[in-house]
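J.: Make a model of the complete structure from these sequences and hints.
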Amino acid sequence: MSYPDSIRIIQLPCTGKVDVIHLMEAFQKGADGVYVVGCLEGECHFLTGNLRARKRVEYTKKLLDEIGVGGERLEMYNIAASDGPRFAEVAREMDKKIRAIGPSPIKVALQKISTINNVTVGRAVGGE
Amino acid sequence: MIVAERKPLDEIIEFIKDCKKILIVGCNECVTVCYAGGKKEVAVLASALKMAFLKEEKELEITEVTLERQCDQEYLEEIRDIIDQYDAVVSMACGVGVQFMAEKYLSIPIYPALNTLFMGVTEERGVWAERCQGCGQCILGQTAGICPISRCAKRLLNGPCGGSTKGKCEINKELDCAWQLIIDRLKELGRLDDYEKLIPIKDWSTERSGGPRRIVREDLQQ
Chain A
1179 MSYPDSIRII QLPCTGKVDV IHLMEAFQKG ADGVYVVGCL EGECHFLTGN LRARKRVEYT
1239 KKLLDEIGVG GERLEMYNIA ASDGPRFAEV AREMDKKIRA IGPSPIKVAL QKISTINNVT
1299 VGRAVGGE
Chain B
25 MIVAERKPLD EIIEFIKDCK KILIVGCNEC VTVCYAGGKK EVAVLASALK MAFLKEEKEL
85 EITEVTLERQ CDQEYLEEIR DIIDQYDAVV SMACGVGVQF MAEKYLSIPI YPALNTLFMG
145 VTEERGVWAE RCQGCGQCIL GQTAGICPIS RCAKRLLNGP CGGSTKGKCE INKELDCAWQ
205 LIIDRLKELG RLDDYEKLIP IKDWSTERSG GPRRIVREDL QQ
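From first to last, the protein sequence lines stand for chains A and B.
So the mapping is simple: this note's numbering equals the position in the first sequence, first residue as 1, plus 1178.
So the mapping is simple: this note's numbering equals the position in the second sequence, first residue as 1, plus 24.
These are computed hints drawn from the structure, not numbers from a lab.
Check each hint, because a few of them may be wrong.
For the chain B half of the interface with chain A, some residues (derived, Cβ under 7 Å), not all of them [as the list claims (entries may be wrong)]:
id, residue
1, Leu33
2, Val68
3, Ser71
4, Ala72
5, Met75
6, Leu78
7, Lys79
8, Asp108
9, Ala112
10, Gly169
Glycine residues also receive a C-beta, built at the ideal position from the N, C-alpha and C atoms.
T.: As structure tokens, this is what we get:
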């Protein structure tokens, strides 16, 4: 029951805690894809946390489309807490999907900018 | 409250496309309540703009501030010491706040991030609807507390018109006919006789037709 090592898990008490800004910041920091895994619909311990999370995910997808990052990089899944095999399956599915889409333009830009900055620093040091 | 919604990001990006350092200013009043320009929306806009710039391999430095109100001088003064550091300000207040800030800070461009829509209520979570047009002569006393100026498409003072069908307006089947609402409420209040009284022609000079309006209260002036 293994899942790809590209996946980094951020634990929350309930997906109802997920806000638009959390998803946006993940992409801002260079994530190629993000998916939110909530409990099955109708089985939220806090009643509507996972339903709210889905609506926020949908809203954020539109924002990502608007800025050209691509809403398809963000998804929401509902998996029962006891369903490990499905969790691993979704992780592989998401990993495959994001690899097919390719790296996030934000990550690419961040890497380019950091390379340029490093080169500039290197030259400055070399010049001295 | 004044209800607004965020402009399309493309429009905001166009305003600031040549900037390197901007200040995004939110407002803690109406636009916070309608989830358009409060602290959270400032953070989301900042993140979206940074990513939009990064995608073009440009870096945009953003400072986020949310003032108590942008329609009051004392709160606008809170950014006086820092505002000169920026190439532009993006205000997430209603049109009132944006204009007042532009009046107070003459040397820096102030851009609106919102489209200001109406004075309204939160009908339910995530749903806002218009209730007042600020006509300057409130007739709610005669109309059972339901405003035909803001809620009737024709702004009829003695309605309903022939377009009212089964309590709905002809312009939209989802829209309640304001005059049907008025009649129903007058009936409930046992005041249906008031419906027989004609409301006289309204003096629209107190509305926008009379030009921009102003109130001066000498007892409060310094």
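J.: With reference to the structure, classify each hint as holding or not holding.
T.: The hints, checked one at a time:
no. : hint   : in the structure
1   : Leu33  : 5 Å, holds
2   : Val68  : 5 Å, holds
3   : Ser71  : 4 Å, holds
4   : Ala72  : 5 Å, holds
5   : Met75  : 5 Å, holds
6   : Leu78  : 4 Å, holds
7   : Lys79  : 5 Å, holds
8   : Asp108 : 27 Å, violated
9   : Ala112 : 19 Å, violated
10  : Gly169 : 33 Å, violated
In this structure, the earlier hints numbered 8, 9, 10 are contradicted, and the remaining ones agree with it.
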